[in-house]
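Could you put together the complete structure from these sequences and hints?
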Amino acid sequence: MQIFGVDIGGSGIKGAPVDLDRGDLVDERFKVLTPHPSTPDAVADGVKEVVDHFGWAGPVGVTFPGVVTGGATIRTAANVDKAWIDVDARALLGERLGGLPVTVVNDADAAGVAEVQFGAGRDRRGTVIVLTFGTGIGSAVFTEGALVPNTELGHLELNGHDAEKRASTKAKDDHELTWEHWARRVTKYLAHVEMLFSPELFIIGGGVSRKSHKFLPLIEGIKAEIVPAQLQNNAGIVGAAMRAAKV
Numbered sequence: 001m002q003i004f005g006v007d008i009g010g011s012g013i014k015g016a017p018v019d020l021d022r023g024d025l026v027d028e029r030f031k032v033l034t035p036h037p038s039t040p041d042a043v044a045d046g047v048k049e050v051v052d053h054f055g056w057a058g059p060v061g062v063t064f065p066g067v068v069t070g071g072a073t074i075r076t077a078a079n080v081d082k083a084w085i086d087v088d089a090r091a092l093l094g095e096r097l098g099g100l101p102v103t104v105v106n107d108a109d110a111a112g113v114a115e116v117q118f119g120a121g122r123d124r125r126g127t128v129i130v131l132t133f134g135t136g137i138g139s140a141v142f143t144e145g146a147l148v149p150n151t152e153l154g155h156l157e158l159n160g161h162d163a164e165k166r167a168s169t170k171a172k173d174d175h176e177l178t179w180e181h182w183a184r185r186v187t188k189y190l191a192h193v194e195m196l197f198s199p200e201l202f203i204i205g206g207g208v209s210r211k212s213h214k215f216l217p218l219i220e221g222i223k224a225e226i227v228p229a230q231l232q233n234n235a236g237i238v239g240a241a242m243r244a245a246k247v
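In my numbering, the protein residues as written are 1 to 247.
Check each hint, because a few of them may be wrong.
When the alpha-carbon atoms are kept at most 27 Å apart in a straight line, the in silico DSS-like pairs for lysine-lysine are as follows [stated by the list, open to error]:
{"id": "1", "residue 1": "K223", "residue 2": "K246"}
{"id": "2", "residue 1": "K170", "residue 2": "K211"}
{"id": "3", "residue 1": "K223", "residue 2": "K211"}
{"id": "4", "residue 1": "K82", "residue 2": "K48"}
{"id": "5", "residue 1": "K165", "residue 2": "K246"}
{"id": "6", "residue 1": "K223", "residue 2": "K31"}
{"id": "7", "residue 1": "K165", "residue 2": "K223"}
{"id": "8", "residue 1": "K82", "residue 2": "K211"}
{"id": "9", "residue 1": "K214", "residue 2": "K246"}
{"id": "10", "residue 1": "K31", "residue 2": "K188"}
{"id": "11", "residue 1": "K188", "residue 2": "K170"}
{"id": "12", "residue 1": "K31", "residue 2": "K211"}
{"id": "13", "residue 1": "K48", "residue 2": "K246"}
{"id": "14", "residue 1": "K82", "residue 2": "K165"}
{"id": "15", "residue 1": "K188", "residue 2": "K211"}
{"id": "16", "residue 1": "K214", "residue 2": "K188"}
{"id": "17", "residue 1": "K31", "residue 2": "K214"}
Distance windows between CB atoms, simulated [what the hints assert, rightly or not]:
{"id": "18", "residue 1": "D123", "residue 2": "G160", "range": "37 to 45 Å"}
{"id": "19", "residue 1": "N159", "residue 2": "A57", "range": "14 to 22 Å"}
{"id": "20", "residue 1": "E95", "residue 2": "G221", "range": "47 to 55 Å"}
{"id": "21", "residue 1": "Q2", "residue 2": "E220", "range": "36 to 44 Å"}
Because the hints were derived from the structure by calculation, they are not lab data.
Here a beta-carbon is modelled for each residue, glycine too, at the ideal position from N, C-alpha and C.
Structural data, given as structure tokens:
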């Protein structure tokens, strides 16, 4: 079975058809830059460009970097334009895509369900936390395989700031941090999350997961096992398609 997945991020909008039996992309993903300002209409145009690139005419799952309720309504927008708040994204995107069935899900939740079904969290019990490092820090919390949606742990306070302002990949790039310096910030963040949730496993996702060898060996003092996401930055696309298939 194939469903189309789109992953909206603070810097890019990417998507591809997904084979739900394998949990992998059918074709090489297509990406456009997230517009600035990232208003609902502008981002919807970007989603349409990605979907049209493949000539897709079926159901579409779309991730969003914020809290999403009911598979439709946006409640927070930390890293995109605040005009998104309270928008019915399912209706907006469905209209822009010519009436295609659309389901919307939090981006980290989508990445998490993909990793738990097909990746590093497969067959793992207990508490598993997937953290996606990018423009912000997304989180997906699972207990015995069940998702606790919209956790938004990137907004925990760390040294008087939102954690994602200190430990996201964007923070690393903006402040030109070395891998060693950034790893120390990530360690402090993981220690705080571990204190609150005592997970058995942390899965580190987002684009930076491709470079896990540069920073994971530098993280010390965390009791939970820490592994990179196996689906890497495609997890959100796969998870979006998975969610759309369940509607």
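Tested hints:
A hinted pair counts as satisfied when its Cα atoms are at most 27 Å apart, and K223 with K246 does not qualify at roughly 35 Å. Of the supplied pair hints, the one linking K170 and K211 holds, its CA atoms being roughly 15 Å apart against a limit of 27 Å. The hinted pair formed by K223 and K211 meets the criterion: a straight-line CA distance of about 22 Å does not exceed 27 Å. Pair hint K82 plus K48 holds up; C-alpha atoms about 21 Å apart against a cutoff of 27 Å.
This hinted pair does not check out: K165 and K246 have alpha carbons roughly 34 Å apart, beyond 27 Å. For the proposed pair K223 and K31, the alpha carbon gap of about 37 Å is over 27 Å, so the pair is violated. Simply put, K165 and K223 have alpha-carbon atoms about 24 Å apart, close enough for the 27 Å limit, and the pair holds. Between the alpha carbons of K82 and K211 the distance comes to roughly 31 Å, so the proposed pair goes past 27 Å and is violated.
The hinted pair formed by K214 and K246 fails the criterion: a straight-line CA distance of about 37 Å is larger than 27 Å. For the hint pairing K31 with K188, the CA-to-CA distance comes to about 33 Å; that exceeds 27 Å, so the pair is violated. Distance check on the hinted pair: K188 and K170 sit about 17 Å apart at the alpha-carbon level, within 27 Å; holds. With a C-alpha separation of about 20 Å, the suggested pairing of K31 with K211 holds against the 27 Å cut-off.
With a C-alpha separation of about 22 Å, the suggested pairing of K48 with K246 holds against the 27 Å cut-off. This hinted pair checks out: K82 and K165 have alpha carbons roughly 17 Å apart, not beyond 27 Å. Of the pairs offered as hints, the one joining K188 and K211 holds, with about 19 Å between alpha carbons and a cut-off of 27 Å not exceeded. Note on K214 and K188: the hinted pairing holds, with a Cα-Cα distance of about 17 Å set against a maximum of 27 Å.
At roughly 26 Å between alpha-carbon atoms, K31 and K214 fall within 27 Å of each other, so this suggested pair holds. Take D123 and G160: their Cβ atoms lie about 39 Å apart, and the range 37 to 45 Å holds. Range check, N159 to A57: Cβ separation about 49 Å, and the 14 to 22 Å hint is violated. Take E95 and G221: their Cβ atoms lie about 50 Å apart, and the range 47 to 55 Å holds.
Hint check: Q2 to E220, Cβ distance near 43 Å, so the stated range 36 to 44 Å holds.
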